[in-house]
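Engineer: Residue numbers (the working numbering), protein chains in the order written: chain B, 882 to 1329; chain A, 882 to 1329.
Hints are computed from structural coordinates only; laboratory data are not their basis. These numbers were taken from a predicted model, which means no experiment stands behind them. Hints are supplied without guarantee of correctness; some may be wrong.
Under the rule of at most 30 Å between Cα atoms (straight-line distance), these lysine-lysine pairs were calculated in the DSS-like manner [what the hints assert, rightly or not]: (1) Lys1018(B) / Lys1018(A); (2) Lys986(B) / Lys1089(A); (3) Lys1018(B) / Lys1209(B); (4) Lys1044(B) / Lys986(A).
2 protein chains.
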Amino acid sequence: MNSTNRKKVIIVGGGFGGMHAARSLRRADVEVTIIDRRNFHLFQPLLYQVATGGLSPANIAAPIRSIFRRQKNAKVLLGEVVAVDPKQKTVEVHCTEPGELETQKLTLSYDWLIVAAGATHSYFGNDQWENIAPGLKTLEDAAEIRRRVLAAFEAAEIEPDSKHRDELLTFVVVGGGPTGVELSGAISELSRHTLLHDFRNINPELAKVILVEGQDRVLATFAPSLSHKAEASLKKIGVDMQLSAYVTSILPDRVTLKFKSDGSEKTIATRTVLWAAGVAGVPLGKQLANATGVSVTRGGRVPIQGDLTIDGHPAIFVIGDLASCEGKDSQPLPGVAQVAIQQGSYVGRSIKLQLKGKSNPKPFRYSDKGSLATIGRSMAIADLGFLKFSGFFAWMLWLFVHIATLAAFSNRVLVFFQWAGNYLTYNRSARLITNTERIGRESCESEK
Amino acid sequence: MNSTNRKKVIIVGGGFGGMHAARSLRRADVEVTIIDRRNFHLFQPLLYQVATGGLSPANIAAPIRSIFRRQKNAKVLLGEVVAVDPKQKTVEVHCTEPGELETQKLTLSYDWLIVAAGATHSYFGNDQWENIAPGLKTLEDAAEIRRRVLAAFEAAEIEPDSKHRDELLTFVVVGGGPTGVELSGAISELSRHTLLHDFRNINPELAKVILVEGQDRVLATFAPSLSHKAEASLKKIGVDMQLSAYVTSILPDRVTLKFKSDGSEKTIATRTVLWAAGVAGVPLGKQLANATGVSVTRGGRVPIQGDLTIDGHPAIFVIGDLASCEGKDSQPLPGVAQVAIQQGSYVGRSIKLQLKGKSNPKPFRYSDKGSLATIGRSMAIADLGFLKFSGFFAWMLWLFVHIATLAAFSNRVLVFFQWAGNYLTYNRSARLITNTERIGRESCESEK
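In isolation and in its complexed conformation, chain B is listed as follows (with noise of 0.2 Å):
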């Protein structure tokens, strides 16, 4: 890597909280080196879309080279820090060769470092779910839950026993936030309209979708009367919510809940479970805490000061998903988008007002724009703060804003017309089971 006598600034991740650390230092006098394991951004909101067949991998993923190719003080790395040293200054970085014949491991110094690396999912102590209940963070996730539901159809199609094929056809969703809601709303209509013409021998309208919430309502971070509306909307679409219940066991033929008010419990004979009901900071969290002198918090999050810095070390912030930060009510800020997006534009403040000398005189603060959550089709929930809405204009703001942000991609032209599509036919065309024939195969070569 060339060196220059420009100060250094590391990002770690190209999500949301890394990209507009970056953007926001387009102008300023300092090498900037964006550092991810992925070559893309990814817009996470829209994960649900690509998980259920409606948009494909390219509309909500770009390319981080392209969006960074204009910022000539932005160069970006494609690999994975695995070690942060507070004390030299340097991060660690493993880069994989293409064909991995070899891992480059890289050592790169900083003067400021940003952590933006982002949360993963967490199974709250019981790792084993994770290959029967898979999650939905990565386009990789997102394939893998399109293959599953798709493939439960199929298997169902050719299934003689009732039994077994009731199975097939019950989906559990477990965690109401909005990605729950989302992608549970989602596989609901896609077995009560896009499939509905597709079979011989089942009728996918019977397909049971089952929403798990431990809290006892749905959307718990929206007001209840919001959250209620959001039910009513899951009811007529065909989800059946189970509140104020916890998973106890995921099996590959069964999920057992247990109630809360009575301690009584219940078992969903299912072949398809999927995890919307924790993240968790990456493990990069817990040895920056460790090399820094902190402890991480119950979710892998990495505890933070005022000025978004680890204490003791003001050249280190930590950002978004990863980063533990608390509101003005002494709760903690939601891992949402705007959060990530206001921490890094506010750590690209901070870091030129010290190239100049100055220190930055507030403390971080968040102006929460409101929220959505989208259940289907015509279907939202919006809470402004002064405004709280719903049904198709909350499903219209929904649409608006997600084109909207997209729109630091090329590709919201696309979207808009895909969407446009879906709507109107109700047709899910990106439902493709894919990944089955290579995995498959690289498997077999690694028994070898």
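With chain B fixed as given, assemble chain A onto it according to the hints.
Structural biologist: Okay, now just chain A, sitting in the frame of chain B:
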């Protein structure tokens, strides 16, 4: 499966041949079952666009079930036909359940069998080359090629050693037929235009794309004048052609060629080799030939008679890439969509005549509507028999024919917009490196 008194037609393979055979039987009083290992029909002529990031998989694939949802006499089965029993008139199908828990084995009986199972890569007995030099037959292949090509640029960006960097920036495409020409042209354009401003340490324009062809000209099935126009265009966009040369060895870091003229050898240091040199009938062809007492050709194809049935087995048709069929000048018919489509319709007609107690009086005759091949942006060659031309108008014709043929799918509008966008901006927004994570995870699991 429900049974009726209607005669049963089983179609193995939902490609061009199988799809058109099923379609031509839509008003016939038969029960049609289309069996395919994948849940989608793939528009293979555009697969190279997915491999080079120009299109998304869903743009060139359509769920087979949605193609046949309105054809009430057709049902679709997701599974692999592993054997045909011509005496019992049955096929054995293996269907894998979601989560690969169990394989369901079905035996289905037929009155007529149409085998349209297609072809796969052939490494001419050098199967050890497959892992180093992937071919381009499936969506997974396309994603793998896309991953390797993009990952090579990423690795070159961080490679300090200039010799190794040159290896990473050298791409070898083996086979100068339409696929090899399209692929090498697209990789060259990717490096010279799309990626031009994306990197900081390397100049993607310096990437070398080498096309190796055994005959003395590329696109040897076209007229020599068109081949030479194609060669001039390839040279102009930076593709280095090695003609009259065949590959004698492929290793992870180099390829050795031998020239037919003087037997001299040449070694090219490269990390990315793509195989577009040969195809052969799928393994089912061999089982079918054995069971019916015929011998497959050297290319693994099943020899058929003028009525497209196997000698002595009037109820078994073989069509498309798996069939060895001679044209009017005793030349084997080319492995293109047009042949499969016309054969599919011919077989449908034959069965309808037999239902009326007649036999099809005329043997199959291929009506060649002309050939098209594209080399790159604005450049294609067209051979319509009575008219041969090349350049921008050939490219427009190529674009028009492909978008019109995609009309069977719902997504031709999307493809048109994506293409228009790509053309205007040189962008290839689908250049995602995916599947790295999940494949790694699956491989680990299978080692346990």
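Engineer: Does each hint hold? Answer for all of them.
Structural biologist: We went through each hint and held it up to the structure:
{"no.": "1", "hint": "Lys1018(B) / Lys1018(A)", "in the structure": "holds (29 Å)"}
{"no.": "2", "hint": "Lys986(B) / Lys1089(A)", "in the structure": "holds (26 Å)"}
{"no.": "3", "hint": "Lys1018(B) / Lys1209(B)", "in the structure": "holds (28 Å)"}
{"no.": "4", "hint": "Lys1044(B) / Lys986(A)", "in the structure": "holds (19 Å)"}
Violated hints are absent here; each numbered hint is respected by the structure.
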